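Undergrad: Fit chains B and C to the known structure of chain A by using the hints.
Residue numbers (the working numbering), protein chains in the order written: chain A, 1 to 426; chain B, 1 to 375; chain C, 1 to 81.
Keep in mind that the hints are not guaranteed to be accurate.
What the hints assert, rightly or not - In silico DSSO-like pairs for lysine-lysine, Cα to Cα no more than 30 Å straight-line:
no.: 1; chain 1: A; residue 1: Lys321; chain 2: C; residue 2: Lys12
no.: 2; chain 1: A; residue 1: Lys321; chain 2: A; residue 2: Lys343
no.: 3; chain 1: A; residue 1: Lys343; chain 2: A; residue 2: Lys69
no.: 4; chain 1: A; residue 1: Lys316; chain 2: A; residue 2: Lys343
no.: 5; chain 1: C; residue 1: Lys12; chain 2: A; residue 2: Lys168
no.: 6; chain 1: B; residue 1: Lys313; chain 2: B; residue 2: Lys211
Said to hold, decoys possible - Listed below are several chain A residues computed to face chain B (Cβ distance under 10 Å; list not exhaustive):
no.: 7; residue: Asp313
no.: 8; residue: Lys316
no.: 9; residue: Ala320
no.: 10; residue: Pro359
no.: 11; residue: Ser367
no.: 12; residue: Ser368
no.: 13; residue: Arg370
no.: 14; residue: Tyr375
no.: 15; residue: Arg377
no.: 16; residue: Met380
no.: 17; residue: Val410
no.: 18; residue: Ser414
no.: 19; residue: Ala416
In short, the hints are calculated from the structure, not lab data. As the structure is a prediction and not an experimental result, all values here were calculated from the model. For each residue, glycine too, the CB sits at the ideal point set by N, CA and C.
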Amino acid sequence: MDSVKHLRFDVAVVGAGPAGIAAALAAADSGRSVGLIDDNPAAGGQIWRGAHDSTRPSASSTWFDRLNKSAVQIVRGARVFHATQGELAAESDDSVIQTSYGKLILATGARELFLPFPGWTLPNVMGAGGLQALVKSGLDISGKRIVIAGTGPLLLAVAAYARKSGAKVIGICEQTTRSRMARFGLQMMLVPGKAAEALRFAYDLRGIPHWTACWPVAAFGNRRLESVRISRHGQISEIECDYLACGFHLIPNIELPRMCGCRLRENFVQVGEYQQSSVPGIFCAGEPTGIGGLELALVEGEIAGYAATNWEDRAKHLFAKRARYQKVVRILQDAFPLRPELKNLARPDTLVCRCEDVPHERLSQYSSWRAAKLYARCGMGPCQGRVCAPAAEFLFGWQIDSIRPPLFPVRCSSLAAIASHSAPRN
Amino acid sequence: MNKPAEVVIVGAGIIGAACALELSTEGLRVLVIDESFPGAGSTGAAMGHIVVMDDSEAQFAITRYSQILWDDMRDQFPTSVEFDPCGTLWVAADEEEMREVRRKFDCYSERGVNAEILDSHQVRDAEPHLRAPLAGGLRVPGDSVVYPPCAAEFLLQRARALGARVIQGQPVAAIGKGVARLADGTVFAAGFIINAAGQSAPKLSPGINIKPRKGHLVITDRYPNFLHHQVVELGYLKSAHTLTADSVAFNVQPRKTGQILIGSSRQYGADSSAVDESILARMLQRAFEYMPDLDSLSAIRVWTGFRPATPDKLPLIGPSPQDPSVLVAAGHEGLGITTSLATAKLICAQILGQRPAIPIQPYLPSRQMAAEAHA
Amino acid sequence: MPESLSVRVNGKLVTVRAGSTVAVAVLASGATCRASVTGQPRSPLCGMGTCFECRVAINGEAQRGSCQVLCAANMEIETNG
Chain A
1 MDSVKHLRFD VAVVGAGPAG IAAALAAADS GRSVGLIDDN PAAGGQIWRG AHDSTRPSAS
61 STWFDRLNKS AVQIVRGARV FHATQGELAA ESDDSVIQTS YGKLILATGA RELFLPFPGW
121 TLPNVMGAGG LQALVKSGLD ISGKRIVIAG TGPLLLAVAA YARKSGAKVI GICEQTTRSR
181 MARFGLQMML VPGKAAEALR FAYDLRGIPH WTACWPVAAF GNRRLESVRI SRHGQISEIE
241 CDYLACGFHL IPNIELPRMC GCRLRENFVQ VGEYQQSSVP GIFCAGEPTG IGGLELALVE
301 GEIAGYAATN WEDRAKHLFA KRARYQKVVR ILQDAFPLRP ELKNLARPDT LVCRCEDVPH
361 ERLSQYSSWR AAKLYARCGM GPCQGRVCAP AAEFLFGWQI DSIRPPLFPV RCSSLAAIAS
421 HSAPRN
Chain B
1 MNKPAEVVIV GAGIIGAACA LELSTEGLRV LVIDESFPGA GSTGAAMGHI VVMDDSEAQF
61 AITRYSQILW DDMRDQFPTS VEFDPCGTLW VAADEEEMRE VRRKFDCYSE RGVNAEILDS
121 HQVRDAEPHL RAPLAGGLRV PGDSVVYPPC AAEFLLQRAR ALGARVIQGQ PVAAIGKGVA
181 RLADGTVFAA GFIINAAGQS APKLSPGINI KPRKGHLVIT DRYPNFLHHQ VVELGYLKSA
241 HTLTADSVAF NVQPRKTGQI LIGSSRQYGA DSSAVDESIL ARMLQRAFEY MPDLDSLSAI
301 RVWTGFRPAT PDKLPLIGPS PQDPSVLVAA GHEGLGITTS LATAKLICAQ ILGQRPAIPI
361 QPYLPSRQMA AEAHA
Chain C
1 MPESLSVRVN GKLVTVRAGS TVAVAVLASG ATCRASVTGQ PRSPLCGMGT CFECRVAING
61 EAQRGSCQVL CAANMEIETN G
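Bound conformation, chain A alone:
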């Protein structure tokens, strides 16, 4: 039977990626008690996964150094599954952690958008960030042949990382057009620091084919991936490979903000200039407010941390810097819109919901997400629609319905450990 731990912080930060780390450190500057809660075994989120104990000096190591020297209490391996006013419930391996807070900063990051196509459920077809996460978690890909596909700058980062990890990256299939890609490159040059990054990428990716207007049409294999069929300017070709790392850019993790009652705007958390949400005392920083990458997440996190500890001056000081990186949100939106052909990749028997094995043909007859859930079970599995709902929204235009606890599957005993201390939200 679980134990219940009680923690209390002046400022609780959920998500220990760059935004959360920056927010926690800024908040800790004030001398207030700060807790940083994350469901991974170590801080870093996605982009800095595994970087916490890296010996190589890098941008992240300064941040981790500061974090380790600070008074921030890192609560690892704790997944927040419920929120009421002033309190969060998180589940860890062996306990439920009830955290009460004065102020809350949500830095829950983003996840990849997956679009169904024939064969996408084969083992070794992963997200682009998914493959990177697994490699950072110990997966050995040296000598493996990898095709990277989908859309967005993440594909470039993953290609570079895979190559450094010893894999043979056969090619990058980017669905956007060549002209959008070129414009993306030019516009990013104008963002501080990005020019150098672009040159680094160009070097790291030298010799790796980068195909635009290119997307996966099907994956083949008996029990695991053996080859990928791609479409390139209307031409179809097949590539034998060991891994397909495929993701169509990022979608914000807004589930916890929604449960907290934060207002959304176009599926992102609406925040004011101090990163404050529509709920007093709750702030949001990083990808949930707009997909804008590392630097924007860091500065938003800092602003939120200062604002949450009433240090408006310091927060204001960072507005100009944020404005410079805010541009990235629009640049990314313009560069990587999803082309309509991607809606037609799924065949009638292609699964849309992987948890419940629900094929496209079973869903196309329904006119709402709710009906699809009740009749066909789409979204009723453990991922709670995290994989299939965004795909369904793209394919069918369905809007997702209300958020209920638990935010993630949890042990029944954990669910029994939450009792409301005040009126339930909405």
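TA: Here is chains B and C on its own, set in the frame of chain A:
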């Protein structure tokens, strides 16, 4: 184009769907109108337990009649309906509840319902995850389980195949005097109008007393072979009796998927569909008391639903006292899925002027007026 | 901290770099994590705890996501497909 309907049914939940099929089978032209999609209301939240209950003669009569009808249809159900003849296991925690077991056994046996008394060893053989010691239990093998939204969808599909029309996404604003008027002003005339609008039934037939009774359910990930019967504590009856207090009772169900459905809770006067963490915790703690191993299962989702409840716990099936052309078919509390097929038969008998298979008196809506008159 | 450690996947001994997750150990053993509800073999998709394709049994506890759990010495991991 279409000939006008002879019967308009308001509500395409399990009750409306069952009525649509029964009336269409009898050759009547049926139009079903739902404010959302079929099963979007209480039916979509329901557990789907088909159970013979013996709180009263009238409750026994209608649940037994209906359970036989479900059984008769079992070979026709597609897999999506998930019909599972798993039976019910009523568990007794103490000697007082064992007396209830024996009373139920006698009651069922006298009325031809197969039942078997289990002692404390046998009840754990039947369900190994039950804690020891329990006093014993009663197994009723004829009870079963279905997946309500797909059961309603199936009944409606069959009705459509027999000529019924279904209009979705259209709230009905008013019914009466042979007419059903949509919120958008469209009017449908019919000889009979059936009010199967569940929670909204009182809005359409003012004067009927139906109040929502909120319930919570938890569904787990897949654990095949964890549970074999729908298992219900006999204290369930104690909680279902009280009209005002919030109550929880141990009630678990195996789904064909291998998932476990954990219930149950009852609250009067709660009008928000938001999850109530306190009663959820109480409900789960109660479940762990009977089945400790539940506590380590992974809970995927929690949801709430509203049972349309009447003060005497019997459904309203019959003419609205204000307007005999309106037949009410609502207020089934936690037995809507079970009694839907029998409700449809009783409604149909009334429309065709035939003798119903069981006495209709106890379910007539006019009894509520009479009760108020005497109050 | 040791450089590597060993766990058992479906009874088979697998050695992984210290700090590796259970999902990685499963992949290293050549197994897939689970069988889907219609029997398809499945392995991790998202790598970050949102897709639940990586569910395995760890030390007897079933339906546990494995991509966010670190391998520990002598862990018993069972896949179901």
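Undergrad: Next, verify each hint and record whether it holds.
TA: Hint check:
1. A C-alpha spacing of about 53 Å is found between Lys321 (chain A) and Lys12 (chain C), which places the hinted pair above 30 Å, so the restraint is violated.
2. With a C-alpha separation of about 38 Å, the suggested pair Lys321 (chain A) and Lys343 (chain A) falls outside the 30 Å cut-off, and the hint is violated.
3. Simply put, Lys343 (chain A) and Lys69 (chain A) have alpha-carbon atoms about 49 Å apart, too far for the 30 Å limit, and the pair is violated.
4. Restraint check: the Cα-Cα separation between Lys316 (chain A) and Lys343 (chain A) comes to about 43 Å, which exceeds 30 Å; the hinted pair is violated.
5. At most 30 Å may separate the alpha-carbon atoms for a hinted pair to count; Lys12 (chain C) and Lys168 (chain A) meet this at roughly 29 Å.
6. Of the pairs offered as hints, the one joining Lys313 (chain B) and Lys211 (chain B) holds, with about 11 Å between alpha carbons and a cut-off of 30 Å not exceeded.
7. The beta carbon of Asp313 (chain A) comes no nearer than 39 Å to any beta carbon in chain B, farther than 10 Å, and the hint placing it at the interface is violated.
8. For Lys316 (chain A), the shortest C-beta to C-beta distance to chain B is roughly 38 Å, which exceeds 10 Å, and the interface hint is violated.
9. Interface restraint check for Ala320 (chain A): the shortest CB-CB distance to chain B comes to about 42 Å, outside 10 Å, so the restraint is violated.
10. Interface hint status for Pro359 (chain A): violated, as the beta-carbon distance to the closest one in chain B is roughly 13 Å, over 10 Å.
11. The beta carbon of Ser367 (chain A) comes within 7 Å of a beta carbon in chain B, closer than 10 Å, and the hint placing it at the interface holds.
12. Here the hint on Ser368 (chain A) is kept, as its CB sits about 7 Å from the closest CB of chain B, short of 10 Å.
13. Because the closest C-beta pair between Arg370 (chain A) and chain B is about 7 Å apart, less than 10 Å, the hint holds.
14. For Tyr375 (chain A), the suggested interface contact is upheld, since its CB lies about 6 Å from the closest CB of chain B, less than 10 Å.
15. A least Cβ separation of about 8 Å between Arg377 (chain A) and chain B falls short of the 10 Å threshold, and the interface hint therefore holds.
16. At about 7 Å, the closest approach between the beta carbon of Met380 (chain A) and any beta carbon in chain B falls short of 10 Å, and the interface hint on this residue holds.
17. A cut of 10 Å between beta carbons decides the hint on Val410 (chain A): the least distance to chain B is about 6 Å, and the hint holds.
18. Evaluation of the Ser414 (chain A) hint against chain B yields a held restraint, the C-beta minimum of about 8 Å falling below 10 Å.
19. Satisfaction of the interface hint for Ala416 (chain A) is found here, the shortest Cβ-Cβ separation to chain B being roughly 4 Å, below the 10 Å cut-off.
The structure does not agree with the numbered hints 1, 2, 3, 4, 7, 8, 9, 10 stated previously, though it agrees with the rest.
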